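Going down the list, the protein sequences come from chains A and B. Under the working numbering, read the first sequence as residues 589 to 1071, first letter to last. Under the working numbering, read the second sequence as residues 402 to 495, first letter to last.
To be clear, the hints were calculated from the coordinates, so they are not data collected in a lab. Fair warning: this is a prediction, and the values are worked out from it, not measured in the lab. Watch out, some of these pointers could steer you wrong.
One-sided and incomplete, this derived list gives chain B residues near chain A with beta-carbon spacing under 10 Å [stated by the list, open to error]:
#: 1; residue: L417
#: 2; residue: N433
#: 3; residue: Q443
#: 4; residue: M452
#: 5; residue: V467
#: 6; residue: K485
#: 7; residue: Q486
#: 8; residue: Y488
Within a straight-line C-alpha distance of at most 25 Å, the following computed SDA-like cross-link-like pairs (lysine to any residue) qualify [what the hints assert, rightly or not]:
#: 9; chain 1: A; residue 1: K734; chain 2: A; residue 2: Q1031
#: 10; chain 1: A; residue 1: K679; chain 2: B; residue 2: K409
#: 11; chain 1: B; residue 1: K485; chain 2: B; residue 2: R463
#: 12; chain 1: A; residue 1: K888; chain 2: B; residue 2: D448
Pair ranges (Cβ atoms, derived) [unchecked claim]:
#: 13; chain 1: B; residue 1: Q460; chain 2: A; residue 2: G724; range: 46 to 52 Å
#: 14; chain 1: B; residue 1: Q470; chain 2: A; residue 2: E842; range: 53 to 59 Å
#: 15; chain 1: A; residue 1: D926; chain 2: B; residue 2: Q443; range: 52 to 58 Å
#: 16; chain 1: B; residue 1: Q460; chain 2: A; residue 2: E831; range: 23 to 29 Å
#: 17; chain 1: B; residue 1: Q460; chain 2: A; residue 2: A953; range: 38 to 44 Å
#: 18; chain 1: A; residue 1: D859; chain 2: B; residue 2: T406; range: 44 to 50 Å
#: 19; chain 1: A; residue 1: K880; chain 2: B; residue 2: Q470; range: 36 to 42 Å
C-beta: ideal position from N, C-alpha, C; glycine also.
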Amino acid sequence: MSIHTKTVAELAQGLKNKEFSSVELTQSYLDRINVSDLNAFITPTDELALTQARNADEKIAQGNASVLTGIPYAHKDIFCTNGVKTSAGSKMLDNFIAPYDATVTHRLNQADSVMLGKANMDEFAMGSSNENSFYGAVKNPWDKNKAPGGSSGGSAAAVAGRLAPFATGTDTGGSIRQPASLCGITGLKPTYGRISRYGMIAYASSLDQAGPMTQTAQDAALVLNVMAGFDEKDSTSAQREVEDYTASLNDSIEGLTIGLPKEFFSEGLDDGVATTVMDAVKEFEKVGATVKEISLPNSKFAIPTYYIVAPCECSSNLSRMDGVRFGHRCEAPENLEDLYCRSRTEGFGEEVRRRIMIGSYALSAGYYDAYYLKAQKTRHLISDDFKKAFKEVDVIMGPVSPTTAFDLGSFKDPVSMYLADIYTLSANLAGLPGMSIPAGFSQKLPVGLQMIGDYWSEAKLLNIAHQFQQATDYHSQTAEGVN
Amino acid sequence: MIDNTQLKQIATLAKLNIDDEALDSTAQDLNNILALAEQLSQIDTDDITPMAHPLHMTQRLREDEVKEQDQSQHFQSIAPKTGKQHYLVPTVIE
């Protein structure tokens, strides 16, 4: 077994047993990144990585290692990294050297993990294909003509292409789960507020949530243990104890009640995806789970609700990108208005400009009630559907995405791309934790199984996912040439 | 429906420029998105409270104490243009 196909848990054991050093491990990943054509990284940080690896090796030698000490990772370029370019996939921040660390970065540094580089992403996390990056599209390791999904497309491709044993991601409307599904890896979006948003460049603040992207559920638990926790620097951070997410991985799932929302298996779902997802559900029945059909009647309104709420919040959040204090400034501005308008028009890509304009319109005088207020009310209904459902079932399962990975360039108009987010948006609108785990393949492309749990049920989701991964090997399969 | 005049107003609010030749296609894209949003008008939300926070949390308050060190120089080092510890922009008042 090659070193780069090992899981975080296996690598931690190897480092502990002195089978290899963190420097050797880090160098092997850097070598892979340097010859990779996936475009998964915006900024590889070779020198910093090797410095961090040397420090980690010292810690290991002194016996002061934690689980992630010396483990390399790809860091989504939305997390501020002190002294390292943090672009959020945008020309606007192409010159932005973050002057401080995000809390997630700080926590990973405290754990002495090794940052291999900043992962490619859709600009400001707006997109589902990674084609909206200023730095070019990322290729899906399973088929390089296909998209890896987005917005955490670089992170997903890095893990699937075994360029990193784990990656960080963020999920505002599915941006961890959808690329995890399309690339055949494990991705977890925790409950809103579980992981600090401090230093994570904001897209839609009431929806944004960071999470781990890994090969296995066990690895996701190990990484979440480090990422999660209260942070006084984030006013929406939850003041709630962090449990050890690895503690219940091996619990039996006998007696588990799985809810299948009928709305998630209706028109528009690819047959191959539907079959693969249902086969995965049958695996759970084999180990003693029961399945129940449920209804989330308002979930069909998730797309219009999200595509009002998120643009409104983004139009507000991105107003700070004004060419004054940091980021892109246009050449020779004639006056302040020209400075703002030209810097922003030059700095933002098309999709970002579009969402800012939708948000500006929906929040403007005379339209607020019809759009933003209406969407916030519908959001309540979507959330109430889940509350009802979780009185009857322990976990909700279904597809992540209506299709497997699609061809790069195949979505010509923005709305058709939005429609593909149908299964992931509801969990963000309700603030619930969601996961995508490899469930099998359809026409040689990976299919993800989505699991949505009740608030704070991350440990339960990881337990269910781990049990599935004990019975199947989809999570350890790689594209040809990767192993 | 957003027409080109309205679109220019929106662009002004958003501090963005739109080239004249891109007005029609941009308006079309925005109208397609707003058509999607029209679906919401089917729902009766008269007695529903808007959901401002997924966990219905209220803003946490803290004591107003100085905890951070002054790093203004460090933070200004990435600014496009500064002078005398200020961010510089083109003259606003002649």
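Verification of the supplied hints:
1. L417: With a minimum Cβ separation of about 5 Å from chain A (threshold 10 Å), the hint on B/L417 holds.
2. N433: holds (5 Å)
3. Q443: holds (8 Å)
4. M452: Check passed: Cβ of B/M452 comes within 4 Å of chain A, closer than 10 Å.
5. V467: violated (14 Å)
6. K485: With a closest approach of 15 Å, the B/K485 hint is violated.
7. Q486: violated (13 Å)
8. Y488: holds (5 Å)
9. A/K734 to A/Q1031: The given pair, whose Cα atoms are some 13 Å apart, holds under the 25 Å limit.
10. A/K679 to B/K409: Roughly 24 Å between the alpha carbons, so the hint for A/K679 and B/K409 holds.
11. B/K485 to B/R463: Violated. B/K485 to B/R463 sits at ~32 Å, over the 25 Å cutoff.
12. A/K888 to B/D448: holds (20 Å)
13. B/Q460 to A/G724: 46 to 52 Å: At 40 Å between Cβs, range violated.
14. B/Q470 to A/E842: 53 to 59 Å: holds (55 Å)
15. A/D926 to B/Q443: 52 to 58 Å: violated (43 Å)
16. B/Q460 to A/E831: 23 to 29 Å: With a Cβ separation near 26 Å, B/Q460 and A/E831 satisfy 23 to 29 Å, so the hint holds.
17. B/Q460 to A/A953: 38 to 44 Å: violated (25 Å)
18. A/D859 to B/T406: 44 to 50 Å: Taking Cβ atoms as reference, A/D859 and B/T406 lie about 47 Å apart, which means the hint holds.
19. A/K880 to B/Q470: 36 to 42 Å: violated (56 Å)
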